[in-house]
Amino acid sequence: MTVLTHWLLEPLQYGFMQRSLLIAVIVGFICALVGSYLMVQRLALLGDAISHSVLPGLAIAFLLNINIFVGAFLAGILSTVLITWIHTRSPIKEDAAMGIVFSAFFALGITLITAIQKENKIDLNHFLFGNILGVTQADVRDTTVIAVVILIVVLALYKELLFYTFDPLGAQAAGLPVNTLNFGLMVLIALTVVASLKAVGVILVLSLLITPSATAYLLVPRLYQVMLLGAAIGVFSSINGMYLSYWYNLPSGPAIVLVASGCFTLALLLSPRHGLLTQALGLTRSPRS
Amino acid sequence: MPVPDPSPNPVPSSLPDLLSGFPSSTPSTSPSSTSSTSARSHLSAVPSPGGAQGSRVPGSTAPLDPIWVTHLSVTYRDVQALEDVSVTIQPGQLTGLIGPNGAGKSTLIKAMLGLVPSQQGSVRVGDRSLAEQRERIAYVPQRSQIDWTYPATVWDVVMMGRVRKTGWLRPFSGVSRRLALAALERVGMAHLRHRSIGALSGGQQQRVFLARSLAQEADIFCFDEPFVGVDQKTETILFEIFQDLARQGKIVLVVNHDLGESITHFDSLILLNRQVIAAGPRTQVIQQDNLHRAYGGQVQFFGAEAA
Chain A
409 MTVLTHWLLE
419 PLQYGFMQRS
429 LLIAVIVGFI
439 CALVGSYLMV
449 QRLALLGDAI
459 SHSVLPGLAI
469 AFLLNINIFV
479 GAFLAGILST
489 VLITWIHTRS
499 PIKEDAAMGI
509 VFSAFFALGI
519 TLITAIQKEN
529 KIDLNHFLFG
539 NILGVTQADV
549 RDTTVIAVVI
559 LIVVLALYKE
569 LLFYTFDPLG
579 AQAAGLPVNT
589 LNFGLMVLIA
599 LTVVASLKAV
609 GVILVLSLLI
619 TPSATAYLLV
629 PRLYQVMLLG
639 AAIGVFSSIN
649 GMYLSYWYNL
659 PSGPAIVLVA
669 SGCFTLALLL
679 SPRHGLLTQA
689 LGLTRSPRS
Chain B
-11 MPVPDPSPNP
-1 VPSSLPDLLS
9 GFPSSTPSTS
19 PSSTSSTSAR
29 SHLSAVPSPG
39 GAQGSRVPGS
49 TAPLDPIWVT
59 HLSVTYRDVQ
69 ALEDVSVTIQ
79 PGQLTGLIGP
89 NGAGKSTLIK
99 AMLGLVPSQQ
109 GSVRVGDRSL
119 AEQRERIAYV
129 PQRSQIDWTY
139 PATVWDVVMM
149 GRVRKTGWLR
159 PFSGVSRRLA
169 LAALERVGMA
179 HLRHRSIGAL
189 SGGQQQRVFL
199 ARSLAQEADI
209 FCFDEPFVGV
219 DQKTETILFE
229 IFQDLARQGK
239 IVLVVNHDLG
249 ESITHFDSLI
259 LLNRQVIAAG
269 PRTQVIQQDN
279 LHRAYGGQVQ
289 FFGAEAA
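Line by line, the protein sequences give chains A and B. Residue numbers for the first sequence, in this note's numbering: 409 to 697. Residue numbers for the second sequence, in this note's numbering: -11 to 295.
Nothing false has been slipped in among the hints.
Okay, derived cross-link-like pairs now, SDA-like style, lysine to any residue, Cα gap no bigger than 25 Å in a straight line:
| no. | chain 1 | residue 1 | chain 2 | residue 2 |
| --- | --- | --- | --- | --- |
| 1 | A | Lys501 | B | Arg65 |
| 2 | B | Lys153 | A | Asn587 |
| 3 | A | Lys501 | B | Gly102 |
| 4 | A | Lys501 | A | Met594 |
| 5 | B | Lys153 | A | Tyr566 |
| 6 | A | Lys501 | B | Gln130 |
| 7 | B | Lys153 | A | Leu589 |
| 8 | A | Lys501 | B | Val67 |
| 9 | A | Lys501 | B | Tyr64 |
| 10 | B | Lys221 | B | Leu247 |
| 11 | A | Lys501 | B | Arg131 |
| 12 | A | Lys501 | A | Leu490 |
| 13 | A | Lys529 | A | Gly423 |
| 14 | B | Lys153 | A | Val562 |
| 15 | A | Lys501 | B | Thr63 |
| 16 | B | Lys153 | B | Ala119 |
| 17 | B | Lys153 | A | Leu565 |
| 18 | A | Lys529 | A | Ile474 |
| 19 | A | Lys501 | B | Gln133 |
| 20 | B | Lys221 | B | Gly186 |
| 21 | A | Lys526 | A | Ala512 |
| 22 | A | Lys529 | A | Ile468 |
| 23 | B | Lys221 | B | Gly248 |
| 24 | A | Lys529 | A | Leu482 |
Since the hints were made in silico from the structure, they are not lab data.
With the sequences and hints as input, model every part of the structure.
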């Protein structure tokens, strides 16, 4: 017992660990919430696209000396607008448009940041892979504000977004402003990515968006349950990842992602309804029963 | 976010009750119940239960205006999907939209509702365009357009029919829950309301969508290929309810692929092959030369000889 208490409490005496745990919990929560919408719309790649696309905005914001979160957010939104524009105005399909736009933005971002970091204290690696141990009080504040905004929007628009993501045509025919709803979703995703930059970086944020909600999807049948259980799994992964990172000196972002992936693997094998192992052993509860 | 189980509530048992907005057994709680609209809606809640074949409900609301489609043209990139379509869809009739594959049947419905852009023409009901009156529309897309692995239950889907009426930032009301439950009972799916939609048969999925459209309390019902891959029981229920809706003076437009016996359930038909080949009462449309022009070669058409 004392060993466990020691294991849990020792890291908390450091301010940087308190802050990074807090950030990790918030990020794990909102990523699963928003990521549920990506997963049910089969838009996982869009999460990847937006997260890679924030880099140039971040660099430009740094150069112009404005809040890098603002620059990153605007670049993320710009990339979704470009993706939509390309695939509605040309015969190019949506997945190809995403691939083109996000790799171009990513390349531009890397180029800009590499050029900037020669003279400034800015580290490309921190944006690519996160730098959760370096979060400041201001980062905690910004992330909390973004998380509260996301939570309010998700709660306020739950029934409309459920209708729209399930049956976009039916929702449009019923008179819902589907373009606005879709844009709102893109804004939510961009905000989530921006809030997660410090914790896991642009490359691994996709994992926090998709993996916890996909894990929950294997276990529960309704969207709000997927969101809640996904958020719980996200928070669980964040906390465990941070402790593993502290005690075994692992990189924090990857440790969080590995815990989340472990949860997913367990659900994939053992889910009562969809588990591969449960099915193989004939233990599946039929969804019809 | 979670929707509590509605079962303890009293439930209107007949479809007209369901469509009138309030269960007729429950007095309106609205202080404005003397206003003309709610007075009319109470009148419409006094129907003949399934008796009067073909006639309007006595004392029903003022008859709906028909849908006027004039010179509608739709082009997808380089392909002309619809060419100068002009047709009128009357309320109080069950109207079938038929034609060969690729004739533009789904496109016509989507263009009418403004879900795909049209290059020319207009679609009006009364003095306004139909796309501006979407709160009056219940549209059920083809089953193949829906991701049936979506994490939602039967109940979730039917409640989607209440989203627009409920309005932004409001939770679903008790009335909405009663309407949804009554709609599910009408289609024989109430006992399965907690089931995942992915665990349903094709016919059951279609009936859930029908229940959703009933819960919308719409005036204009558009169904895209509702009979594809459904069982006989579902087909019977669908036609019963379509005819019921028509009898109440609603506009009911159904895309139908099947030219078999089921065609005789329709009052009017629109025969389409990118243009309107024929439109009007069923017996006038089902003529050998019309069918020949729509389908090209010989086609087996139930009742073509009898018509």
